[in-house]
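Trainee: From first to last, the protein sequence lines are chains A and B.
Everything in the first sequence is counted per our numbering, starting at 1 for the first residue and increasing by one.
Everything in the second sequence is counted per our numbering, starting at 736 for the first residue and increasing by one.
To list a few chain B residues with every Cβ distance to chain A over 12 Å, as calculated:
#, residue
1, T741
2, S748
3, I786
4, G788
5, Q849
6, P851
Which stretches of chain A does chain B cover? Using the computed rule of at least three CB atoms under 8 Å from a CB of chain B, they are:
#, region
7, 61 to 69
8, 259 to 265
In case anyone wonders, no lab produced these hints; they're calculated from the structure.
Quick reminder that beta carbons are idealized off the backbone N, C-alpha and C, glycines included.
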Amino acid sequence: MHAAAFNRRQFTAGLGAVVVAFSLDPKLAPGQERLPGGLQNNRRLDAWIRINADGGATVFTGKVELGQGILTALAQIAAEELDLPLSRIEMISGDTGRTPDEGHTSGSVSIESSGTALRMAAAEVRSILVGLAANRLGTPADDLMVASGVIAAPDGRKIGYGELVAALDLKREATAKVRPKAAPNYKVVGQSVQRLDIPAKVTGGVAYVQDIRLPGMLHGRAVRPPRYGSKLEGFDEAATRALPGIVAIVRDGSFLGVIAEREEQAIKARAALHDGAKWSGGTELPDPERGYDHLLSLRSVDTVASEQRATPPPSGARIVEATYRKPYLAHASMGPSCALAEFRDGRFTIWSHTQGVFPLRLDLAKSLQVEPAAIRCIFAEGAGCYGRNGHDDVALDAALLARAVPGRPVRVQWMRDDEFAWEPYGPAMVMKAQAAVADGRIVDWQYELWSGPHGVRPGVPDGSNLFASWSLEQPQKRPLARNIPLPAGGSDRNAIPGYDLPNHRIVNHFIPEMPIWVSSLRTLGGYANVFAVESFMDELASAAGVDPVAFRLAHLTDPRARAVIEAVAKKTGWKAGETGDGARGRGIAFARYKTLATYVTVVAEVEIDRASGAVRVPRATAAVDAGLIINPDGLTNQIEGGIVQSVSWTLKEEVRFDRRGILSRDWASYPILTMPEAPTVEVELINRPNERPLGAGEASQGPAAAAVANAFANATGKRIRDLPLNPARVKAALG
Amino acid sequence: MAINFTVNGKAASSEGPPTTPLLWVIREDLKLTGTKFGCGTGLCGACMVHIEGKRAFSCQTQISEVAGKSVTTIEGLSPDSSHPLQKAWLAEQVPQCGYCQSGQIMSAADLLMQNPKPTRDQIIEHMNTNICRCGTYQRIVRAIERATREA
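For reference, chain B alone in the conformation it holds in the complex:
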């Protein structure tokens, strides 16, 4: 039985087992590889997407849980990569290897939807779910602050 949902505003459907992690459906069936596999256990944040506008670990979400719901991935954050966070990430040259950054941006986007003018402490507390091995943390914070100023 197919599970129907929307991804980045478009109708999507999955025929696989209902327990399949959303992460694999996004990457393999929908061919949206911007969302990353980092650990598969909800401990790193690289797989973050939005479900009904709220951040979620796609590795910890079964496809059955998104039936009828809207999912947004990094590719859908803006139609032309012009989301204030993406522009800020470019302006601040945030990434080094960049592997964690899709998840970081999705995590940050959730914050700004809830709270358009977070304090630095609120940013750091919210972003605690996303690790970065290259150590770009202060650039991430600066980019989020920049996006709040320029949004």
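One chain only, chain A, in its complex shape:
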């Protein structure tokens, strides 16, 4: 989990004056029992659930809707355990003034952590209500039945939840000792219930932070420098002030922004300020022709992720080596990032599509030099962010501007070029693999990866991770980037394969300082590591003369892993030893996300236009095991979307730059997969009601990438190891 991404020794040595009640810190007070999931750090029942006078429930979660369907899934869990219809559940999410602090919505853990908390809390609240009803009715609790929020005695007397509210006291710690429902009794969990957020999204209802309109609202824009670290030397204030509708121009150190009455006025003013601004310095970027060599030359913190030596490799074992590379990738959200801020009576209210309202508040407080208690961060959904896009940084832009116009809300909408050039990307990575095969088996496995940080987010104690804060008049310290520890991992996520490898050594060269700004992109290191590991598995299978499916099964004892491979092989009619025909082929890849979450195997078909080098993926098939499934269609939608997005990354995407700055600034210079290019995706779900439910928003991307690369090799006999598999690389590979 992301919490431990700071060094406790450093912290207690007195680096920061502010004591951070860091919500994911797993320390227990003396005599305190560990509570499951999110309850551990938000222990009171009333933090999570309120029963209302009308008999319905309000459910509070710190996790937020990113378009992954989490609010609906959590509502299903609460409705199930409370025995209330879904329509009687009101979800409140991501508000520092109202909800539990559950850190960031990331890492595909919301179902496990918030879902578990709600499951246990709701079961306990129901049990308390039944106990109150038992007293009221003079009937043993065990004889009472609950349906739709009404508790009934065998003789027909009934009492609704609403009638018990006055006697209900949830200001107490959860015990987690009330057994929740067993899966066979589920009525709501496990159903493809329609998503709560969709109706507004198909009718143009107010659904996004971009749609919030407050009385007296003004429009703001920030002016970004030409490159990272540039210093603002001056700007033409008079020329911009003369434009229509200008309310204020704000400068704080090298932060420069403008506030106007109307949106198009703010846009024009931004352009005028940009044209008249003078900047000095800034970081020169590496030569893009030597980008990966430069990466390998950077300072790294080297750790052994996993190591085991059982037997020496037999002589005569065949050695295979391969190096794989992944470029910087953009989140490329459909809706550029947006935030609203209001500063009134010394307090800030921020509306943001951040993944973490509480951590964001901490960094905003430092940057604005106020106490966290003076800021309220309220989540409002944005476009899909797929990790840390501009959502945190635009919130600081909005707050800095709002501070200049107390009492009036300021809305800052990033433009498309801001979103491409000023968000932190998924880091470039290099992966080197070397293995030995003998008698159809891997007898030695060596793997090293080089990567920048994948988890740079607000909420760490030693500074602020909001980039504008580093160049304010009173700048915030830029924290040292740290890797997220295993088993979940950050850059080394899924670097440890799920296969049985008795002799192995896996090394992570973590690069804390990258020349280009990077942070979390969906799957973190998982996409690149699974691409490399699963491409390499096919290369080893080929060296060993074994079919790719058989080869994987030969190294897997986990029955759930075997099951997803066998299921998709069967579904696609996989034939051992089948080769492509030069233009068409199929490939398979498997991963268990983070080595402890959802299992996915993907088979991808490719078609190659050898003349143009264009690769198409007409079809992809996946088998998925996410434990107990909360919403089957929601899960399917995430797996489908992950595959389509991964095909886009794998075939088309890389952030382009030159020494002077980022070149990818619009959809023309950073094209993504279009509808004609998108595969048809079939998903087979394996439900395991007795296993814990697992998040699946990031589970299909790694396997999809390797399946495509393996299909290409299957079709052509040529292996491409550098992403993306764009036409230039394809033509070079085909010779």
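Position chain B against the provided structure of chain A, taking the given hints into account.
Mentor: Relative to chain A, chain B alone:
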């Protein structure tokens, strides 16, 4: 000088500069925020509306160009969200983040007005102007096909 036009069947007027993109007039003056800002350069389709019944990028249309014309936004597609495409989008649970979907639906509505029974290939060719980062493309196609069956 005011520019007069109709939006979703109602009279509308804009006093701002005639070069103002229709997108901002719709969102800010008319307070219809269903139409989205995605790129401002006509490359993503999130801002699509209908002008005289034909799809158009509202970010690429100046308000002066709609003088005297009828504009339809996602909010006006049906009086009660019962347009066959909206019903199909719900039935197929199309959206993930949903940000592109207003534009997708308006784009699809244009297709069905021109061609009530498009083939799958015709759907895909027509919808090429609208990108979706979450990857809901096949659900969009299924929803359009569903709407053609159920219309």
